[in-house]
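Listed in order, the protein sequences are those of chains A and Z. At position 195 of the first sequence (counting the first as 1) the number is 1259 in this note's numbering, and the numbers step up by one without a gap. At position 67 of the second sequence (counting the first as 1) the number is 70 in this note's numbering, and the numbers step up by one without a gap.
In short, the hints are calculated from the structure, not lab data. Be aware that a few hints might be false.
As the list claims (entries may be wrong) - A few chain Z residues that don't get close to chain A, going by computed Cβ distances all over 10 Å:
| id | residue |
| --- | --- |
| 1 | G5 |
| 2 | P91 |
| 3 | S146 |
| 4 | K235 |
| 5 | Y301 |
| 6 | I328 |
| 7 | Y330 |
Said to hold, decoys possible - Cβ pair distances, simulated, as ranges:
| id | chain 1 | residue 1 | chain 2 | residue 2 | range |
| --- | --- | --- | --- | --- | --- |
| 8 | Z | Y301 | A | P1132 | 26 to 32 Å |
| 9 | Z | V34 | A | V1188 | 39 to 45 Å |
| 10 | A | N1261 | Z | Y301 | 34 to 40 Å |
| 11 | Z | E75 | A | S1260 | 43 to 49 Å |
Stated by the list, open to error - A few chain A residues that don't get close to chain Z, going by computed Cβ distances all over 10 Å:
| id | residue |
| --- | --- |
| 12 | K1073 |
| 13 | A1213 |
| 14 | S1314 |
Virtual Cβ for every residue (Gly too), placed ideally from N, Cα, C.
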Amino acid sequence: MSLVGTVRKLASRPIPLIGLIIVTAFYGWSLVEGLLQLAGNLVHNPSLGWSLLQSNPFTPSTANSLLPPSFAHPMGTDDLGRDIWVRVLYAAPTDALVSTVVVGGGILVGALIGIPAGYIGGGVEEVNMRFTDLFLAFPALILAVAIEATFGRQLIFAILALIVVWWPSYARLFRAEALRIKNLRFIDAALLSGLSNRAIMTRHMIPSSLNTIVSYATIDLGNSILVYSILCFLGLGIPAPAPEWGAMTSLGLSYFPQWWWYSLLPGVVITVVVMGAALLGDGLRDILSGGA
Amino acid sequence: MGLLGFAIRRAIYSVLLVIGAVVLVFLLTRVAAPNPASLWAGPRAPPSVIHAVALEYHLDQPLYVQLLYYLEEVFTFNFGISPFFKQPIASLVSLYFPRTLELSFFAMVLTVIIGVVSGAFGAAHQDKKGDYAVRGIYLVSWSMPPFLVALLLQFVFAYQWSLLPSSLLADPTMLPPKVVTGFPLIDSLIAGDFAFTASALSHLVLPALALALISFGLITRITRSSMLESLKSDYVRTAMMKGVGTRRSVYVHALKNSLLPVITVIALTFSYVIAGAVVVEEIFGYEGMGYLITQAVYNYDYPTLIGSTIVIVVAVVIINFVADILYAVVDPRIRLGD
Chain A
1065 MSLVGTVRKL
1075 ASRPIPLIGL
1085 IIVTAFYGWS
1095 LVEGLLQLAG
1105 NLVHNPSLGW
1115 SLLQSNPFTP
1125 STANSLLPPS
1135 FAHPMGTDDL
1145 GRDIWVRVLY
1155 AAPTDALVST
1165 VVVGGGILVG
1175 ALIGIPAGYI
1185 GGGVEEVNMR
1195 FTDLFLAFPA
1205 LILAVAIEAT
1215 FGRQLIFAIL
1225 ALIVVWWPSY
1235 ARLFRAEALR
1245 IKNLRFIDAA
1255 LLSGLSNRAI
1265 MTRHMIPSSL
1275 NTIVSYATID
1285 LGNSILVYSI
1295 LCFLGLGIPA
1305 PAPEWGAMTS
1315 LGLSYFPQWW
1325 WYSLLPGVVI
1335 TVVVMGAALL
1345 GDGLRDILSG
1355 GA
Chain Z
4 MGLLGFAIRR
14 AIYSVLLVIG
24 AVVLVFLLTR
34 VAAPNPASLW
44 AGPRAPPSVI
54 HAVALEYHLD
64 QPLYVQLLYY
74 LEEVFTFNFG
84 ISPFFKQPIA
94 SLVSLYFPRT
104 LELSFFAMVL
114 TVIIGVVSGA
124 FGAAHQDKKG
134 DYAVRGIYLV
144 SWSMPPFLVA
154 LLLQFVFAYQ
164 WSLLPSSLLA
174 DPTMLPPKVV
184 TGFPLIDSLI
194 AGDFAFTASA
204 LSHLVLPALA
214 LALISFGLIT
224 RITRSSMLES
234 LKSDYVRTAM
244 MKGVGTRRSV
254 YVHALKNSLL
264 PVITVIALTF
274 SYVIAGAVVV
284 EEIFGYEGMG
294 YLITQAVYNY
304 DYPTLIGSTI
314 VIVVAVVIIN
324 FVADILYAVV
334 DPRIRLGD
């Protein structure tokens, strides 16, 4: 189905529409803000990064510390008097980047392991799927914590650690899809027309699995933000003083419960984005599996 | 294939899985990790300390020698001394792990109850208000990061309403019972210290509920869809036609047969619960494996972190094995399928 057609169908129903709005707002904002931050770094003028925000997300202003939510500060201020909503907005591009790279990386590795397992079968399937089982034996979060802590507490290693725990579910998904697709008539036709196995896997298996993968991956974008925020909550995701949603919650813990907004509201933002992705993914699944 | 044959095959597979997982942890944390010795020595350590760390953990040896040392350590449960706690890691684990198991057990019971009841309720009210309410609730709780669920429960039940204690394992003014099994509740029952049991139980409620709230969605979904299947089946229609009331047909006849698939996801749910415990224990100051892992992370205590990871993997593999056997006992068909 065309992209425009899918979006139109999504927008015609209220619940997927809410998901679509949340996800578009999050990734749209992250793209703009992320490019500004990148440009600011390139020209050595980081203030470009907060040119769209109402205040500087790093400068302390002790006179304003721990103010409750108000019109001036929709999410209140933290212990150093910095506006929490501004910091949430400033942190958004990191979460957007992590989620897309982690889910994209997971899909890539999962396809490499899962499609041959399903299509070729036999020894390849046995080796690939037992290898996958090995990773699934770990609770994902715990393995990610162990990897990131031992690699070093940097964004790049957080992403790597998350990809390591993320691909196995895609390997299973791609294997199941390959098993389903390989019995379809057009694969026989492709074989008869002299296409190699490799060409069948890359040119037919991947496009034919997309419907299933896309809706699953959309839900997963939210899920990866959730797990990344837990890494940051544990102090692993990104070095201070860069703001991050999970890290902000963790900083606010010493001020809980009296100054509750400090730790609770960044968590609410995470919930809204994760829920938006889940609603959109569910809507996509209904539309894409409905044929058309 | 008989049940015994099935059990033996699964047992061999589980042992192989544990060995594989242990080797995987080795490869990821020592081989793939850039420069482990300087990392393990902690930030800004002088070269002499880094060298001492490398010697202590055999990080200067060739890889296969390191692997042999490491396997010997793991399979004798001798993970070495924790640099931060200054205690053998094995004794730290034997102190903290039973507490997390106790918490996870209660969390699992709550998860299954909440999941099954909400799933059955959703199916009985398919596509009506009740169904949407159930779906809405699990969508929200599934989308919440575990630390937010834990903080909200703590905020409402402990700080606003003062119904339950906000943190710790038990009332700190009480003397803990003598350690026999390591499980605080069981030990206090053995010692006959029921006041302590009550205090420990009341401290368990909020963390267990937090863990249940982040993990029940899967069981709700499975129960709901398998209930919908059963409700369409002949025996439920027969029951209704025979005059058994709707409520009884739904919650007794249909539900009983819908519970089978729930067993298959119990092991997976355990995996969620134990991962969630890392964060939830931190918020509730509940000193279990989650506390051990977060302390290890905060204090750059890598041997403890790696030892805890391995212990948790072993536990998850064992639970999976038990769930497989249980499922084979309840549903003999799957023994043939394997």
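Here is how each hint holds up against the structure:
Residue placement check: G5(Z) keeps its beta carbon more than 10 Å from all beta carbons of chain A (closest about 24 Å). Listed as a non-interface residue, P91(Z) keeps its Cβ farther than 10 Å from every Cβ of chain A; the least gap is roughly 20 Å. Non-interface call for S146(Z) relative to chain A: violated, since the shortest CB-CB distance, roughly 4 Å, does not exceed 10 Å. At roughly 21 Å, the least C-beta separation between K235(Z) and chain A is larger than 10 Å, which holds for a residue marked as non-interface.
Not every beta carbon of chain A lies more than 10 Å from that of Y301(Z), the smallest distance being close to 6 Å; the non-interface claim is violated. For I328(Z), the non-interface assignment is confirmed: its Cβ lies about 17 Å from the closest Cβ of chain A, beyond the 10 Å cut-off. With a least CB separation of 17 Å from chain A, Y330(Z) remains clear of the 10 Å interface cut-off, as annotated. Separated by about 30 Å at the C-beta atoms, Y301(Z) and P1132(A) satisfy the suggested range of 26 to 32 Å.
Between V34(Z) and V1188(A) the beta carbon distance is about 25 Å. The supplied range of 39 to 45 Å is therefore violated. A beta carbon spacing of about 50 Å between N1261(A) and Y301(Z) contradicts the range 34 to 40 Å that was offered as a hint. E75(Z) and S1260(A) have their C-beta atoms about 47 Å apart, which keeps the hinted 43 to 49 Å range intact. Under the 10 Å C-beta cut-off, the non-interface status given to K1073(A) relative to chain Z holds; the minimum distance is some 20 Å.
With a cut of 10 Å on Cβ distances, A1213(A) falls inside the contact zone with chain Z, its closest approach being about 5 Å. A beta-carbon of chain Z is positioned within 10 Å of the beta-carbon of S1314(A); the least distance is around 8 Å.
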